[in-house]
Amino acid sequence: MSIKRSITIRAVVTPAWKEEAERELSAGISTTDQQLAQLEQEGQQVVDDVRRQSANPLDPRVQEQVAQVQQQVAAKRAELEEQKRNLLQQQAQVRDLEMEQIVDQGQLESFCDIQVGDNLVSKMQVAVVVRDGVIESIEQG
5 MSIKRSITIR
15 AVVTPAWKEE
25 AERELSAGIS
35 TTDQQLAQLE
45 QEGQQVVDDV
55 RRQSANPLDP
65 RVQEQVAQVQ
75 QQVAAKRAEL
85 EEQKRNLLQQ
95 QAQVRDLEME
105 QIVDQGQLES
115 FCDIQVGDNL
125 VSKMQVAVVV
135 RDGVIESIEQ
145 G
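Numbering of the sequence shown is given in my numbering, commencing with residue 5 and proceeding in unit increments.
The hints are simulated quantities; they were obtained by calculation from the structure and are not laboratory data.
Bear in mind that the values here come from a model prediction, so they are computed numbers and not experimental data.
Glycine included, C-beta positions come from ideal geometry on N, C-alpha and C.
Misleading hints may appear alongside valid ones.
[Stated by the list, open to error] Derived DEER-like restraints, expressed as beta-carbon distance ranges:
hint : residue 1 : residue 2 : range
1    : Ala79     : Leu101    : 30 to 38 Å
2    : Ala79     : Lys127    : 41 to 49 Å
3    : Glu113    : Asp136    : 22 to 30 Å
4    : Glu85     : Arg55     : 20 to 28 Å
Assemble the whole structure, with the sequences as input and the hints as a guide.
So, in structure tokens, the structure goes:
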């Protein structure tokens, strides 16, 4: 019988791994900063358009529309700022890693064959250790 299982990918921290991880995190931070700037610009543009299209910008309905737009922008801003905080935290964690330390990097799925008498826990607990993209070992059970 064949079953699906998750395989943990673990990476050995090397200078190249650390450099790549920092580069990816920096790119994510930069993208988030760009999204924040674009959000502010587009939000202000929508508010300006709503006010411009109204005969009376002080009309309560117009004020309500403006408030809704500002609320949506604030919610999205908070989401992006949280994302940026997480990326900055991950970046600090990467900088603190020591060389040769082994860190979990992700998961893959694979199939394995099982039969009566197999230790299911052992079959399900598999990890692949990678050094700079090259498989160094496969740990089972």
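Quick rundown of the hints versus the structure:
A beta carbon spacing of about 34 Å between Ala79 and Leu101 agrees with the range 30 to 38 Å that was offered as a hint. Checked against the given bound of 41 to 49 Å, the beta carbons of Ala79 and Lys127, roughly 45 Å apart, stay inside it. Checked against the given bound of 22 to 30 Å, the beta carbons of Glu113 and Asp136, roughly 23 Å apart, stay inside it. The given range of 20 to 28 Å is respected by Glu85 and Arg55, whose C-beta atoms sit roughly 26 Å from each other.
Going through the hint list in order, the structure satisfies each hint without exception.
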